[in-house]
Amino acid sequence: MNIRPLRWIAAASIALFAVQPVVAQATPTVAPIIGGTTTAITAVPWQVGILGGTGDAFQNQFCGGSIMNAEWVITAAHCVVDEFGSPIEPPLWVFAGAASLDDTSGANEYEVDGVYVHPDYVGGDSDIALLHVAQPLPLNGTTMKAIALPIHQDPDFWPMRGTDVVVSGWGNISTTDTDYPTDLYKTTLDVISGPLTAGCENYGTDGWNYITELCVGVPTTGGRDTCQGDSGGPYAIKDGNTWTLAGVTSWGDGCAVAGSPGIASRVTTFVDWLVPDLTSATLTNNGDTGDNSNRNSYDFSWEYATGSAVADPAAARLEYSTDGGTSWELFNSDADELTGNGLNGWGPANAIFRMAAVNELNRVNGPYRWTVLGDYTVPSAPQSAAATVSGTTATITWSAPANSGNLPSTGYIVTANPGGATCATTNRTCTIAGLPLGVAHTFSVVATNVQGWSTRSGSSNAVTARTVPSAPRFLQVRSATSRSVWLQWSLPASTGGATVTDYRVYYKTATGAWRRVTGDPVSTSRSYTFTRPSRAKLWFKVVAVNSVGVSVASTTVSTPAR
Numbered sequence: 407m408n409i410r411p412l413r414w415i416a417a418a419s420i421a422l423f424a425v426q427p428v429v430a431q432a433t434p435t436v437a438p439i440i441g442g443t444t445t446a447i448t449a450v451p452w453q454v455g456i457l458g459g460t461g462d463a464f465q466n467q468f469c470g471g472s473i474m475n476a477e478w479v480i481t482a483a484h485c486v487v488d489e490f491g492s493p494i495e496p497p498l499w500v501f502a503g504a505a506s507l508d509d510t511s512g513a514n515e516y517e518v519d520g521v522y523v524h525p526d527y528v529g530g531d532s533d534i535a536l537l538h539v540a541q542p543l544p545l546n547g548t549t550m551k552a553i554a555l556p557i558h559q560d561p562d563f564w565p566m567r568g569t570d571v572v573v574s575g576w577g578n579i580s581t582t583d584t585d586y587p588t589d590l591y592k593t594t595l596d597v598i599s600g601p602l603t604a605g606c607e608n609y610g611t612d613g614w615n616y617i618t619e620l621c622v623g624v625p626t627t628g629g630r631d632t633c634q635g636d637s638g639g640p641y642a643i644k645d646g647n648t649w650t651l652a653g654v655t656s657w658g659d660g661c662a663v664a665g666s667p668g669i670a671s672r673v674t675t676f677v678d679w680l681v682p683d684l685t686s687a688t689l690t691n692n693g694d695t696g697d698n699s700n701r702n703s704y705d706f707s708w709e710y711a712t713g714s715a716v717a718d719p720a721a722a723r724l725e726y727s728t729d730g731g732t733s734w735e736l737f738n739s740d741a742d743e744l745t746g747n748g749l750n751g752w753g754p755a756n757a758i759f760r761m762a763a764v765n766e767l768n769r770v771n772g773p774y775r776w777t778v779l780g781d782y783t784v785p786s787a788p789q790s791a792a793a794t795v796s797g798t799t800a801t802i803t804w805s806a807p808a809n810s811g812n813l814p815s816t817g818y819i820v821t822a823n824p825g826g827a828t829c830a831t832t833n834r835t836c837t838i839a840g841l842p843l844g845v846a847h848t849f850s851v852v853a854t855n856v857q858g859w860s861t862r863s864g865s866s867n868a869v870t871a872r873t874v875p876s877a878p879r880f881l882q883v884r885s886a887t888s889r890s891v892w893l894q895w896s897l898p899a900s901t902g903g904a905t906v907t908d909y910r911v912y913y914k915t916a917t918g919a920w921r922r923v924t925g926d927p928v929s930t931s932r933s934y935t936f937t938r939p940s941r942a943k944l945w946f947k948v949v950a951v952n953s954v955g956v957s958v959a960s961t962t963v964s965t966p967a968r
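Counting with my numbering, you get residues 407 to 968 for the letters of the sequence shown.
Don't take each hint at face value.
Stated by the list, open to error - Think about it this way: if two alpha-carbon atoms lie no more than 20 Å apart in a straight line, the pair counts; the simulated DMTMM-like pairs of lysine to aspartate or glutamate are:
hint : residue 1 : residue 2
1    : 644       : 562
2    : 551       : 607
3    : 551       : 517
4    : 644       : 509
5    : 644       : 589
6    : 644       : 607
7    : 914       : 926
No lab work stands behind these hints: they were computed from the structure. Just so we're clear, the structure is a prediction, and the values are computed from it rather than from any experiment.
My request is simple: use the sequences and hints to build the entire structure.
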């Protein structure tokens, strides 16, 4: 197992602020970006480096991480325990807001004062940890930004096989040499095994854990991957319009090896550990004040979920909206958090209220797991999903849910199957471009409101992306006499997703126009003997035809005069 070697090696053990004990374990092999390209930090602003010292980011960086909020960073557990399972001693630092490690100023370094390892981390499984920074990160939305967590996504469905996953980091970029870059790299991989799918190429069903891990890479061939130094970094998926953390770089059998994809910790499995929740929250509307102020008296009560999150919640956040959930304000303007289990207060008569549990992790800007109070639910599933295709772009339409959940719609998210490509919209039509040719796709839709996501609609009809073929290749004159010319060519590089049903051969003289020959070949016959009308020099070209239309012409070849 390859835990993706480290540029910085800790000589001592790391003392953990962990709320759970660290369990001793064997060391797997470590995770660089193989087959990637350099990237600006603005493309992956949630990416951070984990440093074992300060003042020389390149020499001190040894793992990656993702910004959860201004105070917390998600990384891999194996990054913060040594090979014997003992915790590494602080200090540690987070490098954030820049793509180049060629920095000795320390300006982008933020000290870590707490490390929390998942209690089930044993031998590589549950390979996830949290780092607390001593001073909040100056998030700015461009070079430093939190990544969303998959709070609403259905773990039995998301992320589906074929979904694009963007991975990034400062890890090794060579499979044959130790070549750590100063610049940040990224590449795009595919989810190889979808949820509830136990097989992962060479790992089979026993070499990994499909409940707690993601199998991601380039199917069958390899060639792109995370590698040494990328451990702890993000596996990010654009779900609708929102970049969401699907995985945490963990391990792999080598780097970019055919049949041995990268393995990441599956974040949907650990949402309960990362984000606190409520078990119940209720609202009683006691009616208005009688003074024509359009304000009502409300009683609120709630209970916390305990024993799952890294720290049990001890408070709640209560917000209200008077515009159907477009904007929200704190209900109690004197306190961001409400302690205890109940509250009475006055609020707008037309308000919608929502509440979330708060602990040490999400106290600063979330993430929150909201419960909308009152007679509200998530919407029912959208209905009657249907798809059409033009070229490689599918257009999907659907009908509104039968039940809105008594809340305004906040939009829809459409997902393609296979592949997991998505589009988000507030209308009831959406387009997904760039579908692979010749592959049948169906589409499902979820509806959203401020309470959450609906179940998925039924699948649409299947559509297949097709275009005209590319040009026939390698046209050549195999022989030429005074009477005939023998032509041969090869299949187009792309058939356009449909069978090539015909080839058309064209010829011309030096001064004449192009003419199509009579009796030219059909289907897979890629050879033609042309009877010369004269001894003049001739030029030839060929086009391919499928059910969509006619390709551009091949390169032109000529024969000498005879």
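So, going through the hints one by one against the coordinates:
At roughly 18 Å between alpha-carbon atoms, residue 644 and residue 562 fall within 20 Å of each other, so this suggested pair holds. Straight-line distance between C-alpha atoms of residue 551 and residue 607 comes to about 34 Å, which puts the hinted pair past the 20 Å bound. About 18 Å separates the Cα atoms of residue 551 and residue 517, which keeps this hinted pair within 20 Å; it holds. Distance check on the hinted pair: residue 644 and residue 509 sit about 30 Å apart at the alpha-carbon level, beyond 20 Å; violated.
Restraint check: the Cα-Cα separation between residue 644 and residue 589 comes to about 23 Å, which exceeds 20 Å; the hinted pair is violated. For the proposed pair residue 644 and residue 607, the alpha carbon gap of about 25 Å is over 20 Å, so the pair is violated. Using a Cα cut-off of 20 Å, the hinted pair residue 914 and residue 926 holds, with the two alpha carbons roughly 15 Å apart.
Against the hints set out earlier in the document, violations occur for numbers 2, 4, 5 and 6.
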